[in-house]
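Taken in order, these protein sequences are the chains called A and B. Be aware that the first sequence starts at 0, since it is given in numbering that gives the first Met the number 0, and climbs by one per residue. Be aware that the second sequence starts at 0, since it is given in numbering that gives the first Met the number 0, and climbs by one per residue.
A couple of the hints might just be wrong.
Note: identical chains are not told apart, hence a pair may lie in one copy or across any two.
[Said to hold, decoys possible] Here are the computed lysine to aspartate or glutamate pairs in the DMTMM-like style, where the Cα-Cα straight-line distance is at most 20 angstroms:
1) 89 to 113
2) 298 to 106
3) 225 to 53
4) 278 to 106
5) 299 to 106
Hints in this document: simulated from the structure, not taken from any laboratory.
Protein chains: 2
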Amino acid sequence: MVKQLIFGHQNPDTDAIVAAISYSYFQNQLGYDTEAVALGEPNDETKYVLAHFDQKAPRVVSKVSSEVDQVMLVDHNEPQQSAVDIADVKVTHVVDHHRIDDFNTTDPLYYRAEPMGCTSTILWKMYAEQKVKIPAKIAGLMVSAIISDTLLLKSPTTMPDDKKAIEDLAKLAGMDDYEHYGLEMLKAGTDLSKKSAEELVDLDAKSFDMNGHQVRVAQVNTVDIKDVLTREAELRQAMTTESMNKGYDLFILLITNILNSDSELLAIGDETNKAVVAKAFKTQLQDDKASLPGVVSRKKQVVPPLTEAFN
Amino acid sequence: MVKQLIFGHQNPDTDAIVAAISYSYFQNQLGYDTEAVALGEPNDETKYVLAHFDQKAPRVVSKVSSEVDQVMLVDHNEPQQSAVDIADVKVTHVVDHHRIDDFNTTDPLYYRAEPMGCTSTILWKMYAEQKVKIPAKIAGLMVSAIISDTLLLKSPTTMPDDKKAIEDLAKLAGMDDYEHYGLEMLKAGTDLSKKSAEELVDLDAKSFDMNGHQVRVAQVNTVDIKDVLTREAELRQAMTTESMNKGYDLFILLITNILNSDSELLAIGDETNKAVVAKAFKTQLQDDKASLPGVVSRKKQVVPPLTEAFN
Numbered sequence: 000m001v002k003q004l005i006f007g008h009q010n011p012d013t014d015a016i017v018a019a020i021s022y023s024y025f026q027n028q029l030g031y032d033t034e035a036v037a038l039g040e041p042n043d044e045t046k047y048v049l050a051h052f053d054q055k056a057p058r059v060v061s062k063v064s065s066e067v068d069q070v071m072l073v074d075h076n077e078p079q080q081s082a083v084d085i086a087d088v089k090v091t092h093v094v095d096h097h098r099i100d101d102f103n104t105t106d107p108l109y110y111r112a113e114p115m116g117c118t119s120t121i122l123w124k125m126y127a128e129q130k131v132k133i134p135a136k137i138a139g140l141m142v143s144a145i146i147s148d149t150l151l152l153k154s155p156t157t158m159p160d161d162k163k164a165i166e167d168l169a170k171l172a173g174m175d176d177y178e179h180y181g182l183e184m185l186k187a188g189t190d191l192s193k194k195s196a197e198e199l200v201d202l203d204a205k206s207f208d209m210n211g212h213q214v215r216v217a218q219v220n221t222v223d224i225k226d227v228l229t230r231e232a233e234l235r236q237a238m239t240t241e242s243m244n245k246g247y248d249l250f251i252l253l254i255t256n257i258l259n260s261d262s263e264l265l266a267i268g269d270e271t272n273k274a275v276v277a278k279a280f281k282t283q284l285q286d287d288k289a290s291l292p293g294v295v296s297r298k299k300q301v302v303p304p305l306t307e308a309f310n
Numbered sequence: 000m001v002k003q004l005i006f007g008h009q010n011p012d013t014d015a016i017v018a019a020i021s022y023s024y025f026q027n028q029l030g031y032d033t034e035a036v037a038l039g040e041p042n043d044e045t046k047y048v049l050a051h052f053d054q055k056a057p058r059v060v061s062k063v064s065s066e067v068d069q070v071m072l073v074d075h076n077e078p079q080q081s082a083v084d085i086a087d088v089k090v091t092h093v094v095d096h097h098r099i100d101d102f103n104t105t106d107p108l109y110y111r112a113e114p115m116g117c118t119s120t121i122l123w124k125m126y127a128e129q130k131v132k133i134p135a136k137i138a139g140l141m142v143s144a145i146i147s148d149t150l151l152l153k154s155p156t157t158m159p160d161d162k163k164a165i166e167d168l169a170k171l172a173g174m175d176d177y178e179h180y181g182l183e184m185l186k187a188g189t190d191l192s193k194k195s196a197e198e199l200v201d202l203d204a205k206s207f208d209m210n211g212h213q214v215r216v217a218q219v220n221t222v223d224i225k226d227v228l229t230r231e232a233e234l235r236q237a238m239t240t241e242s243m244n245k246g247y248d249l250f251i252l253l254i255t256n257i258l259n260s261d262s263e264l265l266a267i268g269d270e271t272n273k274a275v276v277a278k279a280f281k282t283q284l285q286d287d288k289a290s291l292p293g294v295v296s297r298k299k300q301v302v303p304p305l306t307e308a309f310n
């Protein structure tokens, strides 16, 4: 069996890293020879998770084609979110919970997508279907990924199966109180004080092609939106510089309060593109900003209306 | 639950029609409200199958957006093979065994692809995963689809799971000798004498975008390639006319002997595009034709090398 790498998206979050670890274990049990890697260092939340479960962070790579001919993707499919040389390797498997965009293959492949709150929920089903036992440590990591992606089951992306998965996995992991653990874990990701503005706007950022427009959508979690906005000037500067360097037509920063599930949006771009943002969210931008009550999900509440507005 | 239509590709073959029927039954058992329809009349082979199992042919439609807002696709994903107004509806589910190409969504969805010989093999797994019982009639239809797509398990697309599926399904259908049935069924699809040349080159034809080139690949099954080639002049004429009318840059006809699994290829296009065909199959075209021993699968043996050669 030829060796394959498995990885999640650039700027990996907890689900991207955990799904790679979990899917690699699963596939190796089924006879594949895979290694979980990551397209970036773990963020503070993920570091907390890995330390809690005594799990080594996956090796960080940016290119893959010098190592392998075939890869498996988790938690993403869009090429601009993947390895920079993704076009040079063959994708044989995908497990994902996002829209499908600009993902083209020459050959048939394994593709498993479901509109669940978290990739790890889909993996939980796949373990059951193939009757592969989930080790306690991997179950704990998967619990963490579901907490992270669904903000403790409060995000509107949360599906009944996410709840079933987290409860079954918490049992397998021997976790008595995953809610208490989850809040500590989420808070570990919100200490933004030591990060530069450049780091903040790149921490959890993804690029999208929307009808030919290059759109960057970054998100930071916090327990105090106002506190983040004290740094608005330097955040704007970092977004403007990034847009010029990378050619983004529009850069959106979503500052999300994980306690009450509201977000503040900051949009950097020309007037036409900012008007598209206003249209997408049926609001007016005040000084390039808008309050979005109840908006916490980039995938479900930001990307679809924005894509529609650009079409 | 809002009503949805389920359908396979244009110019439906047995798998496209059976997968729609089988997936619709499956989803309705799980609580969806779906109707299997078809983007064309059943071919002679499929008519034989439907008559044998006393199954009504699905209603034929070409547009869907006047009836429903949401659809599920089986046995295809590429928009040019789908309903003409596929862009006007939301695709919520796909079950397929082909490459993914030019399939883009704004929202997450259910997508289940595996590189199996037949969509019905994937559906067979999904019934087992969800513990839905397969009725005898649907099992018989699914056996027929697997026989059709894999030419009685002889095509190189055949996977071990196709064999497992057909044997399990044949038992459920109470079929003692599916091989005898299969040969009769395949032969029912090879009586080409009553068909016009225009019908022959459209019977099982699919369009592909290959690096900006519009490529049409048609296939006819026969027990005597020479017999089909007695009509070469009128087949060429039909392919040329279709190319002019529809704007194909290249039109390939694959004439496949289902008994010995060889094919003859006929290519209509300009010299540049015909040179791509020669390069793709590492052969020389003689009078626009080439013998391709052992080639029976458009999906696995024709589309990938052709796509590579155009890239």
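Worksheet item: Can you list which hints this structure breaks, lowest number first?
Response: Hint check: 3 fails alone, others pass.
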